[in-house]
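Colleague: Now for the letters of each chain:
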Amino acid sequence: MSENNNSGAVSEVKQEPVPALTHVEANQEGYRWVAITAMLFAIGIILHTVSPNVGGVTPNWTIAMYAIVINLTRPPLKRAIGIGFVAGLTLIPSSKSAFPLGNIASELSGATCCCLLVKAFVACHMGDWRLTPFITGFVSTFVSGSVFTFILRTVLGLPLKVWIFAMLPVVAVVGVINGLITFGLFRPVKKLFYAQEGGEEE
Amino acid sequence: MNSVVSVSDFYFKYLRSELVLKNINLEIEKGSFTVIIGPSGAGKTTLCKAMTGIVPYYSGGDYAGDVKVLGETTKGKKVSDLAMKVGLMLEDYESQLVSLTAGEEVAFSLLNHGFPPEEAEERTRLALEDVGLPGRESYQLDELSGGQRQRLALASLLAVHPEIIVLDEPVSAMDPDGGESLYKLLDKIHKEHGTTFIVVEHRVEFVLPYLTNLVAIKNGEVAVQGKCEEVVSRIYEDAELRPLLPELWQVKCSLEKKTGRTFKLWRSADEAAKELQSEGFGKGVRA
Numbered sequence: 001m002s003e004n005n006n007s008g009a010v011s012e013v014k015q016e017p018v019p020a021l022t023h024v025e026a027n028q029e030g031y032r033w034v035a036i037t038a039m040l041f042a043i044g045i046i047l048h049t050v051s052p053n054v055g056g057v058t059p060n061w062t063i064a065m066y067a068i069v070i071n072l073t074r075p076p077l078k079r080a081i082g083i084g085f086v087a088g089l090t091l092i093p094s095s096k097s098a099f100p101l102g103n104i105a106s107e108l109s110g111a112t113c114c115c116l117l118v119k120a121f122v123a124c125h126m127g128d129w130r131l132t133p134f135i136t137g138f139v140s141t142f143v144s145g146s147v148f149t150f151i152l153r154t155v156l157g158l159p160l161k162v163w164i165f166a167m168l169p170v171v172a173v174v175g176v177i178n179g180l181i182t183f184g185l186f187r188p189v190k191k192l193f194y195a196q197e198g199g200e201e202e
Numbered sequence: 001m002n003s004v005v006s007v008s009d010f011y012f013k014y015l016r017s018e019l020v021l022k023n024i025n026l027e028i029e030k031g032s033f034t035v036i037i038g039p040s041g042a043g044k045t046t047l048c049k050a051m052t053g054i055v056p057y058y059s060g061g062d063y064a065g066d067v068k069v070l071g072e073t074t075k076g077k078k079v080s081d082l083a084m085k086v087g088l089m090l091e092d093y094e095s096q097l098v099s100l101t102a103g104e105e106v107a108f109s110l111l112n113h114g115f116p117p118e119e120a121e122e123r124t125r126l127a128l129e130d131v132g133l134p135g136r137e138s139y140q141l142d143e144l145s146g147g148q149r150q151r152l153a154l155a156s157l158l159a160v161h162p163e164i165i166v167l168d169e170p171v172s173a174m175d176p177d178g179g180e181s182l183y184k185l186l187d188k189i190h191k192e193h194g195t196t197f198i199v200v201e202h203r204v205e206f207v208l209p210y211l212t213n214l215v216a217i218k219n220g221e222v223a224v225q226g227k228c229e230e231v232v233s234r235i236y237e238d239a240e241l242r243p244l245l246p247e248l249w250q251v252k253c254s255l256e257k258k259t260g261r262t263f264k265l266w267r268s269a270d271e272a273a274k275e276l277q278s279e280g281f282g283k284g285v286r287a
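Residue numbers (my numbering), protein chains in the order written: chain A, 1 to 202; chain B, 1 to 287.
Hints are supplied without guarantee of correctness; some may be wrong.
Claimed, not checked - No farther apart than 27 Å at their CA atoms in a straight line, the calculated lysine-lysine pairs in the DSSO-like style are these: (1) B:Lys274 with A:Lys190; (2) B:Lys191 with B:Lys75; (3) B:Lys30 with B:Lys78; (4) A:Lys191 with B:Lys78; (5) B:Lys68 with B:Lys274; (6) B:Lys218 with B:Lys188; (7) B:Lys264 with B:Lys274; (8) B:Lys68 with B:Lys264; (9) B:Lys78 with A:Lys78.
Claimed, not checked - Estimated spans, in silico, between C-beta atoms of each pair: (10) A:Ala20 with B:Glu91: 46 to 52 Å; (11) B:Thr73 with A:Ala20: 40 to 46 Å; (12) B:Met84 with A:Val50: 41 to 47 Å; (13) B:Ser17 with A:Arg187: 17 to 23 Å; (14) B:Glu104 with A:Gly127: 36 to 42 Å.
Since the hints were derived computationally from the structure, they do not count as laboratory data. Built from N, CA and C at the ideal position, the CB exists for glycine as well.
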């Protein structure tokens, strides 16, 4: 052992001045977000499959899950687009709509919008605001649902009024439900995935 | 001194906590079997993580000072790269197991570091032999007992031939026989490979026959460090650290204090009984 001041002796507890500390962001080598995204997507797909349709309204768990992921990991735009693309793909097999591929375009729009919104909140120093998950969950779902129903309306040749007065209100209701889900799950999920970073293990 | 880990003026706090480590200055001697003791919450686990680069570069937080492993600073190093030099087995070793079979588990880090499959296979075989699990490559993880899974985690570390192995309370969930058996295995590896071991241990009696150096941590600071022979009596002087010493050494220090004599550093009850009898401490002394 070295010949320093505590070698072989119980050191006196001295209150030495703490030097300036360097801040380091957690660097989990870039893969943790993959695990978080995959796990939440898996949960979202299961819930999406088993959730009953009540009065024509079903929460879109997949959107809620990627809204949570984007709020949690704050990914760059390219990654958010990738998340949206994968989310769209996961929805295709279980889709009961007339045009399942529309999910890709709608989830790309939803995830992109969510990412930009989160970035805007962070830029305004409101990234940790309690209502940010609700707002991003609601807006992402509304944007995604609007794009999806617009594609559906175009494919089916429905009048514009049907989209505006029949479809969009339902999308808004689903948006509110999704906003509440995102809001309700965000903190527990954050606690679960980032529990080790608060020094609780010591 | 030829040190393999050198921690200098190191301070650290997690993202949402107070300072966990304060002014740590520590040298770990090459080839030593160093045991870190300290009360709960003293910062032992965090210190282990600092030696492997997990703290602060993976966990995040605020730090000052430097940690050098084999002469190189951990700053800017990937945890996976440092793992080739210093292996860490956490108290919750199950969380480190990621594969389906024992062979895949041991080969995982080797293949991820680009070792050719033939070499990975050979190293896997040898590492499993080293930990007493020969020929278990194809065993599913759930076919192994808790103790065997712990040995498997150890084999995963050994396979990359690290010069340093850090273990955080490896026997905390084991019965006395399991604890003794694991430390016998560690001692064998220590002697055969010359690996430097750094072990956080609450139950020092298990490691008594093998440890060469002691580090005592209190309130996030290194209170004592050095060769056992030099520091045991100093630790005994500290009321907070004294209960962390094995009973045998507490008896030794107490006797030395009362009689003014100096005894050898007993590694077993037999050794203690023998010396006490030879010193005329009553014929009734038995191990």
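Colleague: For lysine 191 of chain B and lysine 75 of chain B, compute the direct alpha-carbon distance and say whether it is at most 27 Å.
Modeller: Violated, because 31 Å separates the two Cα atoms, which is more than 27 Å.
Colleague: Tell me if the straight-line CA distance from lysine 218 of chain B to lysine 188 of chain B falls inside 27 Å.
Modeller: violated (31 Å)
Colleague: For the pair supplied as a hint, lysine 264 of chain B and lysine 274 of chain B, is the alpha-carbon distance within the 27 Å limit?
Modeller: holds (11 Å)
Colleague: Need the status of pair lysine 68 of chain B, lysine 264 of chain B: alpha-carbon distance at most 27 Å?
Modeller: With Cα atoms ~34 Å apart, lysine 68 of chain B and lysine 264 of chain B exceed 27 Å; violated.
Colleague: For lysine 68 of chain B and lysine 274 of chain B, compute the direct alpha-carbon distance and say whether it is at most 27 Å.
Modeller: violated (43 Å)
Colleague: Using the C-beta atoms of methionine 84 of chain B and valine 50 of chain A, is the stated range 41 to 47 Å upheld?
Modeller: holds (45 Å)
Colleague: Could you check the hint for me, namely that alanine 20 of chain A and glutamate 91 of chain B are 46 to 52 Å apart, CB to CB?
Modeller: violated (32 Å)
Colleague: Has the given pair, lysine 274 of chain B with lysine 190 of chain A, been kept, meaning a C-alpha gap of at most 27 Å?
Modeller: Answer violated: lysine 274 of chain B to lysine 190 of chain A is near 59 Å, above 27 Å.
Colleague: Verify the CB-CB distance for serine 17 of chain B and arginine 187 of chain A against the hinted window 17 to 23 Å.
Modeller: Because 19 Å falls inside the window, the suggested range holds.
Colleague: Would the hint linking lysine 78 of chain B and lysine 78 of chain A be met if the CA-CA limit is 27 Å?
Modeller: Satisfied, since the Cα-Cα distance of roughly 24 Å is no more than 27 Å.
Colleague: Decide if the proposed pair is consistent with the structure: lysine 191 of chain A and lysine 78 of chain B, CA atoms, cutoff 27 Å inclusive.
Modeller: Cα-Cα ~25 Å, so holds.
Colleague: Would the hint linking lysine 30 of chain B and lysine 78 of chain B be met if the CA-CA limit is 27 Å?
Modeller: OK: lysine 30 of chain B and lysine 78 of chain B at ~23 Å, within 27 Å.
Hint compliance for this structure: hints 1, 2, 5, 6, 8, 10, 11 are not met, and every other hint is.
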